[in-house]
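Below, each chain spelled out in residue letters.
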Amino acid sequence: MSLRSAPLAVEAPERARDGLFTPEIRAQIDAHVAKYPPEWKQSAVMPALTLVQEWNGGWLTRELMDDVAAYLDMPPVAVYEVATFYGMYDLEPVGRHKIGVCNSVSCLLCGSEDLIHHVERKYGVRPGETTADGRFTFKEVECLGACRHAPAVLVGKTYHECLTPEALDKLIEELD
Amino acid sequence: MTDKLSIEIDGRVCEASPGEMIIAVADREGIAIPRFCYHKKLSIAANCRMCLVEAEQGGRPFPKPVPACATPVAAGMKVLTRSPKALEAQRGTMEFLLINHPLDCPICDQGGECELQDVAMGYGGDVSRYSEGKRVVKDEDLGPLVATDMTRCIHCTRCVRFGAEIAGVRELGATGRGEDMRIGTFVAHTLTHELSGNIIDLCPVGALTSKPFRFKARSWELTQAEGIAPHDAVGSNLHLHLRGNQVMRVHPKDNEAVNETWISDRDRFSYEGLASPDRLTEPMIKEDGAWRPIGWQDALIRVAERLKTASADQIGTLIAPTATLEEMYLAQKLTRGLGATAVDSRLRQQDFRGDAADPPLPWLGVPIAELETRDAVLLIGSDIRQEQPLLAHRLRKAALGGAGIVLVNPLPLELTFPAQQLVTSAAGMLGELAAIAKALRKRGSGSVKDLIAQANPTDRHTSAAERLKAAGTERSGLILLGALAAAHPDYTLLKALAYVIAEATGSTVGYLPLAANSAGAYLAGALPHVLPGARPGEAIGADARAMLVTARKAYVLWGVEPSYDFANPSLAATALGSADLVVAATAFRAPSLEAVADLMLPIAAFAETSGTFVNAEGTWQRFQGAVAPPGEARPGWKVLRVLGNLCDLPGFEYADSGEIHQELATLCAEVRPDNAPRGDLKVEPSLAEAGLMRVGTLPIYRTDPLVRRAAALQRTPGADVFAVGLNPALAADVGLADGELAVIRQGKAEARAAVVLDAALPPDVALIPSGVTGSEALGEQIGPVAVAKA
Ligand code: SF4
Ligand code: FES
Ligand code: FES
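Chains A and B are the protein sequences, given in the same order. The working numbering applies: residue -12 is where the first sequence begins, and numbers increase by one. The working numbering applies: residue 10 is where the second sequence begins, and numbers increase by one.
Next up, chain B with everything else stripped away, as it sits in the complex (with noise of 0.2 Å):
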């Protein structure tokens, strides 16, 4: 940028840069200019005309009041914002914009937080001049999650540009004119993006609104507390608005290095979750089949002494990995402290081939802010937008910005931005990034060798493995290791040629954790092969699938649904049925937990707990319970350190959770984010080219037990479908039709569902999703299967 210039806005001398609107710095300085239209992060539209100000430029005042959101800086200019010429612009301006308001602010949503409402305190008249009538404007149905009442609508736009701009997907738009200018949809249909509801947050007025909240409480009922988001790895800042006891509804805060200002929909939404009837509200014991409530004290000496009484090597720990740092490290103390060393996090994993080599703390390579900076990207196995929709975001950023983005899936998306897609079956994403690898001249070792020696680069490979050169040179070249590549049958070969591709181009390779905080399970220890610091164990405990092939006689099951949070459903439901003893410590009842579990342990859930968070790029988010926990529930911490001393186990004395966080921290002094492997990661692929393979992905509303039980996000279209997705030719072959209903078999695991025919789908694809209704019984996520006419 060129050189700073500096301005005068109300006599005060400011700083700026050329080019920057008044507006910008007027905000920066902290001097107030009304505004609708304007928003830091969408282009300038500059057409509500609320930020009218006097300006004058080298001694000459501009002939009229200028739009400070729309009017560049310059040398020694001179911005009046609250002259009498400025002030009969922005009076007369809220004059015209309140023509056709209605003025229901007493049955309003928005009322009390409304910008509207603010400014026409402000700038605007006492008594209204107009007595002709107003313009009336029929409502939209949005969907379940956005309330609209178009009649307040004061056509700032926000929302369109929003959906250009920022989700990339135009669902609004402004149809007709003047008069009969209308924000809508035209077409009739639900906003489905995932970033959708930020335009409740981005209306100023109160024509959006969130439909979950409508009606439950006034803005200035509520007090407001900070979080941290509890579902995918961006960690997005929270505010909390509380009433009571209660989390009335979730605003994004500001933190431009994470969520910038935005939260995805699962964040804002998923709260709902919190009052589901589903909630454990006391410790519940299984006698004779029947469940009973057992008093906090009894529960805890009854686990405390099955614990201490099963042999060390009988014991598993699966911690699910939305559970906190504080919960991972004590949960994992305990495990080890009982001597045993079976404990995972990684639930949905099922190649751990790699452990060994692992890096000592995967993380995503670089900061988050910086994935928009990329040249170029290589996705492998991911389904971005679902997986990680700020993170998709900013990969939109930087594709916009001109960055190429390769993606290597076994299913095609739909994406916002341009890429290229690589599609191809699930063992087939092997062969191409083998073919990557081959453009690129290298040869690997190992069975990595044998890969790219069979590999035919085509131009795709070619043009990709180029892209990725070229970023390599200025050091922004990145790989990106999704969830489906995790839940892969060979991610330990996906990663070893992650790793040859990025030694060729000069890439990073960067890890996309799946939930909040699975990056933060390496520096608990919450992990077979890593003890808490990131220190690799020296003896490798059984790994989550591990424990379930070879059912345990103990487990101790830390906030996971048997039914959906497991790669492999069905494997998990026999191991932990044929258990002695299963602990379910659980904010929610499930009849997958109530079935296999012994003893249930209501432990507290998002917001209702202190604990931290470790995003994707390794950042540390502490956060405070916002509310209690309902009935007899209590913080996880709490309870593991009861348990600990119940245990008779040294080191479980904490005062607070703070105390527990100190103790890691200390632990975690000298680690950072290392995505170096510490060995070779040599194994043999194992999976047969041929022979059709599920792809289950796991949709964005189910990825864990909380946004499970958010009613409206699962009322979203698409939210809880169990459908098989095939390839027509595939289909015709097996005798399938669209709509029909298909059997489907993995091993001894079936399950029933309707058929739906996608040419775009690789011919040995069968796209099976996980963790939705009717997936329960199934195996594998990623693995074989076979599907005939039910």
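One chain only, chain A, in its complex shape (with noise of 0.2 Å):
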């Protein structure tokens, strides 16, 4: 047996893929697609996520995987194991900015852990958790790549590295 093969597509004939998204997203997934050979179109599912979780708020509704699934001609449960592998992307609703702290060997070493706490401690949230004021969801992630800065943690779209409580609270103070 071939050690890779071209990946199960699936044809969703019922869904007419020019109503799914928007004219602009539906133009940015193409642009992704147009990148990889025309039966390894689904390769295009990881930017195709994040487009549409950021069009959606921040997360992913079970339908906006199918969707995604049937523009690339996917079977849903092969968007699924993207959409749950990844930290980025969210299955629940998210407040309006995303913490993520990494929670992998390297700043685990550096107090990684202190920051969990502090941050469950002080503003109520458990990873995977949205604060009550809908402030900001806070969430472990693997490793961000950053580990000489370690601990390192992710807000938004910036890295944050060499961090402390305090500096971490800073940071917090200056979400909206």
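Watch out, some of these pointers could steer you wrong.
In silico DSBU-like cross-links for lysine-lysine, where the CA-CA straight-line distance does not exceed 30 Å [said to hold, decoys possible]:
| id | chain 1 | residue 1 | chain 2 | residue 2 |
| --- | --- | --- | --- | --- |
| 1 | B | 147 | B | 87 |
| 2 | B | 225 | B | 143 |
| 3 | A | 22 | B | 406 |
| 4 | A | 28 | B | 406 |
| 5 | B | 49 | B | 295 |
| 6 | B | 147 | A | 126 |
| 7 | A | 28 | B | 317 |
Pair ranges (Cβ atoms, derived) [what the hints assert, rightly or not]:
| id | chain 1 | residue 1 | chain 2 | residue 2 | range |
| --- | --- | --- | --- | --- | --- |
| 8 | A | 109 | B | 127 | 51 to 57 Å |
| 9 | B | 91 | A | 153 | 56 to 62 Å |
| 10 | A | 48 | B | 138 | 40 to 46 Å |
| 11 | B | 410 | A | 119 | 41 to 47 Å |
| 12 | B | 159 | A | 111 | 51 to 57 Å |
| 13 | B | 120 | A | 78 | 35 to 41 Å |
| 14 | B | 91 | A | 135 | 40 to 46 Å |
| 15 | B | 70 | A | 48 | 50 to 56 Å |
| 16 | B | 28 | A | 143 | 43 to 49 Å |
| 17 | A | 108 | B | 108 | 30 to 36 Å |
| 18 | A | 111 | B | 737 | 36 to 42 Å |
| 19 | A | 121 | B | 468 | 36 to 42 Å |
None of these hints come from the bench; they were simulated from the model. Where a beta carbon is used, it is the ideal one built from N, C-alpha and C, also for glycine.
With the hints as a guide, bring the two chains together.
Laid out in structure tokens, this is it:
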């Protein structure tokens, strides 16, 4: 058997692709699709999910994942796999901001656990939860690739490194 | 392929092909390498790391142990599977795999036949160093066939890859990450694919097990026998697992040429029907409308006497196409010995006008394994996934390999491979084929000529024609006629058009025999126009339909359930009901049988008798009885032997079924499968274009009496649903809404069913399944129908 076979493509004929999302999003997804050979169209699933998530206010519904599947001729479960694997996709409503504290080994050794406990105590949210005022969703994320300046925290789309609980507090205060 | 090369595994020199993985070479050589995720029929995932071995190449050792399943061989490679380094790596992997695996083997159904257990014994440590908490995973309900214990899953992803690569339907997936990874459907649903039971065999642990078999027996209590699947025309090779006198479960037996390593769910779970309370366990006779048991001796003497006194032209023998070759042969021998000529096993056919020109031994046209190497296949009238699940799988392979598949059907199919579907009314199927023929610039002759002349080929026909023609130059085009074609009122014309297209494109014509032994019927002579040895009969007897249209005085029914096994059950009920004598040899009691029969003789069912099935490619597959039939039931061939003797017919002195087999094999020594028609298939179309037609599919789990009694299969969604599928436009015309009750009329036959709207259906088709509960009183499987508000 081969080491790699082209992924299973399924066409959902009953779904009209040109009614999905917005014309702008479709154009952006198409631009990603164009980067890959036709039978690897599914490779565009990550940027597609990112675009759709942003459009939907930071999180993905099951219906939206199904739409992405239909748009890329993928089996829906293959989209769920991607969306549940990566930390940057949220499958539940989120706050106005997202704060992701790295929980992987370098950061752990350099005090990310303290950061996590600090946020839990001070803001009353556990990883995966959103503060009562809807200010931010608190997440644990896998290695951010910023190990050399551990512990690292992702606030929105910005990396913050070598953080102490106090420094993190300051960052949070700046959020609306 | 390029030249072979040689590598060394554990000091043994082995031949290998470039690109092969180490594990494949080792498997061929019988060198054991532990593995979980690798499977020869699936793509390589290399995610379990159990197959780590030490290797060196050109005198330079690889720095780390390498996965044997994902390391291609190279000339001069040396592999050590049992070196200290390899063993250490294997032990390490094993320890990690067991960290989250529950040690619940005593209550696990896989216990005793678990790959994880075996490999842990062979390659793992004795004691666990892990004392922390283990992960627990919630189970999912995957439906009535597959039981789940997902905590036991080791994430090998075999089941996931099976869905994507073999089934073609991605039902399972691995969601989440790391600790949180889970195998499941994510959105709860029942597995619906007709091959889904194979994930039970694939799963190396007890995460996916057989639900009907759950907690019924331990693997070490079971003995194994071999069998042949009794449903479709593939004749999958089986391992029957028995305890005492009971078939406890069924597994596939590898046979690359037939079923590879798979079996369909129908073949896997139909054994449950053997234990049905409907089993007939003693001969019974109806007296004054009441059934009472009667001894065998008595029963057979009565049957013989009444058959002897019946006038020969009043006897009709109807044999189920799932009967063994030996049974078919003796049943026709008995019938013909009595001077009668009416014997048939094509119970679901209504157009027999082509009999005189029929090929001597219709078959698939190519060996089963070669289906997947066809470049173009035209499938006429076949709900292929329901009819022949494993042939659909072969066609899927062909399609993924780039073959063009075109279907001409009266309903749209949900396929697992790319194909061009020409969906049209039942009558319109002729037009579609004629259009393809016209696109090939063929004129044809007779009524086919008129059809072709009237046809208006479009791009779709032209492209289909061109695909076939291109394939034909390589001799790899195939035109297959399926069960819906065989049930079609103009089957003869469909055949004639198939031959015209085949000739114009250089393609082969093939038949998809309906059931396990439909092909065997030609060899056994269980047909009105064919004598044993596939010899044409001089006098063509009455066919299955004629026998019912002109009712006989005496009928012999062999393995038939009248309400579900005939193309036209209402016609059957009337004809059988008016007879003086109906003798039914059957494994099961059934209301429709008890209503018409006078005597019921209990015969052995699947796995209970020795016999032979001839599959679609013409292979004779002989099997032995694995368990004894229940009660007084006897193997069918023995019943027929005694009947033959009691009727004073010569040539019924068989000591065992092997002798019958031998006698028939001698008669068939010269016979080769052959699809060349023996004469002209010239007839007039019997279907008018206009008018609503019933298209009666035969759902996958309603094909024969055994599977209809297999409890778990009957619980699968859609197994036994009686409904009327209508195009919304048509439904609106007659004032029917979705879900509303409709009354269905076929002549005098009448039934009621809910309406299901389906915009993909042709406007003049009413999709009304046959063989299902509720359809008993209806008429032709494919034929005119009227649907109105109830
Ligand atoms: S359920 Fe079984 S086959 Fe599927 S991934 Fe888990 S262990 Fe492998
Ligand atoms: S471990 Fe935190 S960034 Fe890599
Ligand atoms: S069998 Fe090789 S990694 Fe799983």
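A quick look at each hint next to the structure:
no., hint, in the structure
1, 147/B to 87/B, "violated (44 Å)"
2, 225/B to 143/B, "holds (28 Å)"
3, 22/A to 406/B, "holds (28 Å)"
4, 28/A to 406/B, "holds (21 Å)"
5, 49/B to 295/B, "violated (56 Å)"
6, 147/B to 126/A, "holds (23 Å)"
7, 28/A to 317/B, "violated (72 Å)"
8, 109/A to 127/B: 51 to 57 Å, "holds (52 Å)"
9, 91/B to 153/A: 56 to 62 Å, "holds (57 Å)"
10, 48/A to 138/B: 40 to 46 Å, "holds (44 Å)"
11, 410/B to 119/A: 41 to 47 Å, "violated (58 Å)"
12, 159/B to 111/A: 51 to 57 Å, "violated (33 Å)"
13, 120/B to 78/A: 35 to 41 Å, "holds (37 Å)"
14, 91/B to 135/A: 40 to 46 Å, "holds (42 Å)"
15, 70/B to 48/A: 50 to 56 Å, "holds (52 Å)"
16, 28/B to 143/A: 43 to 49 Å, "holds (48 Å)"
17, 108/A to 108/B: 30 to 36 Å, "holds (31 Å)"
18, 111/A to 737/B: 36 to 42 Å, "violated (54 Å)"
19, 121/A to 468/B: 36 to 42 Å, "violated (57 Å)"
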